[in-house]
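Enquirer: Note that our numbering has the sequence shown beginning at 1, numbered continuously upward.
It should be emphasised that the hints constitute simulated quantities derived from the structure, not laboratory data. The hints are all genuine.
Quick list of in silico lysine-lysine cross-link-like pairs, DSS-like style, CA-CA up to 25 Å: (1) K180 x K260; (2) K151 x K11; (3) K117 x K277.
All values derive from a computational prediction rather than experimental measurement.
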Amino acid sequence: MEIEQLQQFLKVAELGNFTRAAECLTISQPALSRSIARLEEVLGQPLFERQSRKVTLTDAGHLLLPRAHRIVALVEDTKAEISDDGESGRIRLGAIPTIAPFFLPEMLSPFAESFPKAQLTVQEDTTDNLLRRCQQGEIDLAILALPISAKHLEVESLFEEELLLVLPVDHPLCVKKQIKLSDVEPYPFILLDEAHCLSDNIVTFCRHRSFNPVSVERTSQLATVQELVSLRHGVSMIPQMAEQLDASKRRIYRSLTGTKPTRTIAMIWNPYRFQCKLLDRFKEHVRQFAHAFPSKSV
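Make the full structure from the sequences, and use the hints.
Expert: Right under this line is the structure:
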């Protein structure tokens with residue numbers, strides 16, 4: 001039994017598909033199938049039920065799964081600890097799509113300059129997937145928005161930022177000097193789909209104030225939300241960090257009067273995995289960058 005076989009087994013189990021797993025592992029599907037077959041031969045039991053479009057774990061596969069996670073994590077942590085010099089190594093960073101393009105570029109650049117031997121990889125995904133991948137050791141650190149529900153993960157709040165009302169330039173509310181939440185109630189909302197926590201932040205804020213926003217359209221991209229607002233399909237609320245990078249003249253952003261909608265940005269990691277010196281330095285860099293980040297609420 002080889003560590004590489006266990007890593008391949010875990011990827012097939014995660015994706016439920018040999019083709020997609022092979023693509024992620026950057027090997028051919030026949031090579032992956034042969035490797036899993038050899039592992040099954042060593043164990044004397046089939047690990048997957050092979051169906052036409054997907055594969056599922058057998059009883060033996062379910063038994064191996066948590067142990068394979070522990071074995072692979074132990075090997076990776078051991079290698080990291082032995083070679084831990086605080087200057088080199090790999091950091092696997094995850095972030096949700098409503099944070100990654102606005103927060104990461106300016107944050108990662110100075111760290112890469114200070115630690116040229118470090119290898120930084122970024123994976124953009126939804127909150128639920130990032131939590132799972134952090135628990136399983138597939139990523140070292142994730143930056144996302146609270147609240148989250150996860151066991152065995154360390155959570156550290158970084159800053160709070162305002163969610164701004166975004167309107168098309170000729171919207172009737174644009175002429176008002178002050179816009180209250182009740183002023184927005186008659187208008188339809190454009191939201192991200194349910195996989196994105198930003199929509200939960202918006203809906204929860206509104207419902208706590210006895211206002212249930214009517215969503216006419218949902219999309220998977222924040223940029224699409226902005227464009228649909230420009231096309232007068234509805235209104236929305238956008239994180240301030242996204243507004244700062246929006247150069248379009250077809251929409252405007254306004255801060256609501258009174259209690260403002262906000263979200264809290266946090267970083268999470270698995271404290272049960274080995275924390276290398278480089279990762280500790282990266283976390284401190286994130287803290288310092290977040291403290292000075294221009295979009296945080298005062």
